[in-house]
Amino acid sequence: MNEVSLLYNFLLVGGLLFVLGMIGFLVRRNMIVMFLCAEMMLQGVSVTLIGFGRHHGGLVESATSTAASTAAASAGPWGGQMLVIFIIAVAACEAGIAMALVLMLYRQSGTLDAAYWQDLREETLPPFVDREVPEERQEDRVWPRLTPSGVEPPIDPDELLHRPRV
Amino acid sequence: MTVPLAIPALLADLPTVKEICSCNSFWAILVGSLAVWVLLPNRIPYGKTIGGVLAIVASGLFASDWPLLGNWTDQAVFWLLAGITLGAAVGTICSRSPVYSAIWFALSLLGTAGLFFFNGAQFLGVATIVVYAGAIVVTFLFVIMLSQPEGHSAYDRITWGWFPKTFSVLAAATMVAVLTFLLGNLRTEAAGSFSSESAAEYQARLTAQGAVLDQDHMANLGRHLFAEHLISVEVAGTLLLVALVGAVAIAIQGRPRLARRIEEALR
Numbered sequence: 001m002n003e004v005s006l007l008y009n010f011l012l013v014g015g016l017l018f019v020l021g022m023i024g025f026l027v028r029r030n031m032i033v034m035f036l037c038a039e040m041m042l043q044g045v046s047v048t049l050i051g052f053g054r055h056h057g058g059l060v061e062s063a064t065s066t067a068a069s070t071a072a073a074s075a076g077p078w079g080g081q082m083l084v085i086f087i088i089a090v091a092a093c094e095a096g097i098a099m100a101l102v103l104m105l106y107r108q109s110g111t112l113d114a115a116y117w118q119d120l121r122e123e124t125l126p127p128f129v130d131r132e133v134p135e136e137r138q139e140d141r142v143w144p145r146l147t148p149s150g151v152e153p154p155i156d157p158d159e160l161l162h163r164p165r166v
Numbered sequence: 001m002t003v004p005l006a007i008p009a010l011l012a013d014l015p016t017v018k019e020i021c022s023c024n025s026f027w028a029i030l031v032g033s034l035a036v037w038v039l040l041p042n043r044i045p046y047g048k049t050i051g052g053v054l055a056i057v058a059s060g061l062f063a064s065d066w067p068l069l070g071n072w073t074d075q076a077v078f079w080l081l082a083g084i085t086l087g088a089a090v091g092t093i094c095s096r097s098p099v100y101s102a103i104w105f106a107l108s109l110l111g112t113a114g115l116f117f118f119n120g121a122q123f124l125g126v127a128t129i130v131v132y133a134g135a136i137v138v139t140f141l142f143v144i145m146l147s148q149p150e151g152h153s154a155y156d157r158i159t160w161g162w163f164p165k166t167f168s169v170l171a172a173a174t175m176v177a178v179l180t181f182l183l184g185n186l187r188t189e190a191a192g193s194f195s196s197e198s199a200a201e202y203q204a205r206l207t208a209q210g211a212v213l214d215q216d217h218m219a220n221l222g223r224h225l226f227a228e229h230l231i232s233v234e235v236a237g238t239l240l241l242v243a244l245v246g247a248v249a250i251a252i253q254g255r256p257r258l259a260r261r262i263e264e265a266l267r
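So the protein sequences, as listed, match chains A and B. Anchor point for the first sequence: position 25 equals 25 in my numbering, and the numbering is continuous, going up by one each time. Anchor point for the second sequence: position 219 equals 219 in my numbering, and the numbering is continuous, going up by one each time.
One chain only, chain B, in its complex shape (with noise of 0.2 Å):
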């Protein structure tokens, strides 16, 4: 069996300009990269509003592009689920201040949990929120350990220079630009006629004895984890000590040196 080449295959159905300018998601990819551009640190007058504005464009343009779910109750959960992950992500990565930073991280990681709990995972969105939660409030703590308790500093208000910015923006375009036309093939089988007969009978095979969406979720989870991945398991407990004896090694070897603080004590 042989495997074709990817490159000349994709280099022989490039789309056209016409066809590019056509999609709604090029345009949503556009807007949201200026938004992104627009929201992150900077000295633009009114950017956080002329960037929320351009971010909600966007997320209609995305909208307005994905396939249906078909059902109008599933459809709403996602989108207000994907709403509450993508924006919160959003929020991340603009808040000039870390402790905002955090709660908008905390927010997007239920709305992560949400999409697990949605695709039929639920152990993994109960333990998204356990392992995070904890995660979060150390975070917390080093926030409001480490940073200027007066106000934002000056490296939250500003960020590498408008051309590392730029490029990571552009890069970001891109790879999701990539991502949507490799998926066309899915987008259009997605789009195509998938029939309510042929829909019962793939829920059918989910929920059928041992599937994903069976009733025994975590009975079945624990048997595939404990009998197939047994190793990978032990493996990661001895990673999780590993990160641990690290850690306190690092923690222990960074006291500050003796010669550093007189000098600073003298200036």
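Pulled out of the complex, with its shape left as it was, chain A reads as follows (with noise of 0.2 Å):
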């Protein structure tokens, strides 16, 4: 295998992949969507790294190196895997903060809008108001159904009045 294109094709995968997050990142406006992007941005710096790893692998320490050549190659064929694993605890950390801030901000807000917070924006700047909300079209609006069976329970109004959508 041409290990050089090899490295070259995986460098822009990596890349591509991270465009796509940071892409994401700034254009969604779901928090859950824009945390899935920020891993998805840790996801290409990851590929990137396996590439440099596996190009750099064969660096192993021999007898007859010299001592200049040794220690470079201290961080040579492992390097870029150790990175990675460290990447995964990093990114661990990430989500399970993430995950708590988004749902703090649900509680305090009932919605994952973004443009919720827009209030935290600088005073000079206009507010960020929704023009021409697209209608949802009629074939995403298809939900699966379950077969009716039994017998109907009677409905508690009570439940009815602060659980709507049940």
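Treat the hints with care, as some may be off.
Covered stretches of chain A, as calculated for chain B (at least 3 residues, CB under 8 Å) [unchecked claim]:
# : region
1 : 2 to 16
2 : 19 to 30
3 : 85 to 91
4 : 97 to 104
5 : 121 to 129
6 : 146 to 156
Read the hints as simulated data drawn from the structure, not as lab findings. Positions of the beta carbon are idealized from the N, C-alpha and C atoms, including for glycine.
Can you join these two chains into the complex? Each is in its own frame, and there are hints to help.
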């Protein structure tokens, strides 16, 4: 296999993955989707590092190598994979904190929309107002249905009051 | 040893317009960014179809410009994995429903894990699947718990408006274009003479004792991790503990304010 073109392809795949995550993070407004996009950027960096790890994977210290090349080789074969291990650890921390934050923001606002928090913006900036929210298309509105069976239970009117969707 | 400044050297070999126009990667980036722009939530009729066709064209253009791996099985496996990873990534950012976003993201992670396996990082491929499977399940729970059960929310059907959307896609296209440009030397090197003799030599070095493709992959990885990065492992463990405590602290503080609830109930 051509190792140099393998490295080139992996660098570009990693770059594209990072960039797609960046677009999603900047453009989407659902906080859960923004969190997924942040994770995707980390994946892009991981792919790049794994590509480099394979490329430098043959730099094993040998008995004949000089001191300088030994120092260079000490991070050589495994450096990329070590970094990815720590990226996964940090991503796990980030996931925990991000989910707690999303939960707290949802409890205070009742929506996952990031635009709800736009009063944190600079004083001089105009407010962001939604114009022309597109109608939901009919084909997106189809939801799976179960065949009704059994007896319909009596519905407590109090339930309907605070759980209107049930 | 002096390091030469990068910018004058880069300015010296800027490509001409003709070179740019004859480069497939340039057209791939152009078509691909247009595809992402069309696919993102908006009001364009038949947006999914148009964007899908454009995305397929862009991936074909990319595939035609990337250097070949030299072996048809490897090449097919790489294209399949890269296609799954990037296609599912586009699906993640373009799905209207967060549930579909989470599913697409899981598929993208499977593709990434496949790429790790392809590059000889067996432990990390498995670790990615194991760690992120839990993360995806938790995300599902959150989506089901928090998002609107009766359909798509308004904020999932629109974005911040055309200006941020256009310029984030443009910024992304510029980043990929600069990356492609900077990797030009690597590409000519890859397309150049990589004889089977040097390939075999390289392979021998990669599978040597203690190298990445050695048979004792896990033993080498563990030895390296716990010998050379022991303090980093300890610090990572501490970081996880601190994140756990922080998450619990944030979640406890976030109880809904009583005054707001009363106000909403009276409204």
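Next on the checklist: Tell me the hint numbers this structure goes against, listed in increasing order.
Outcome noted: 5 and 6
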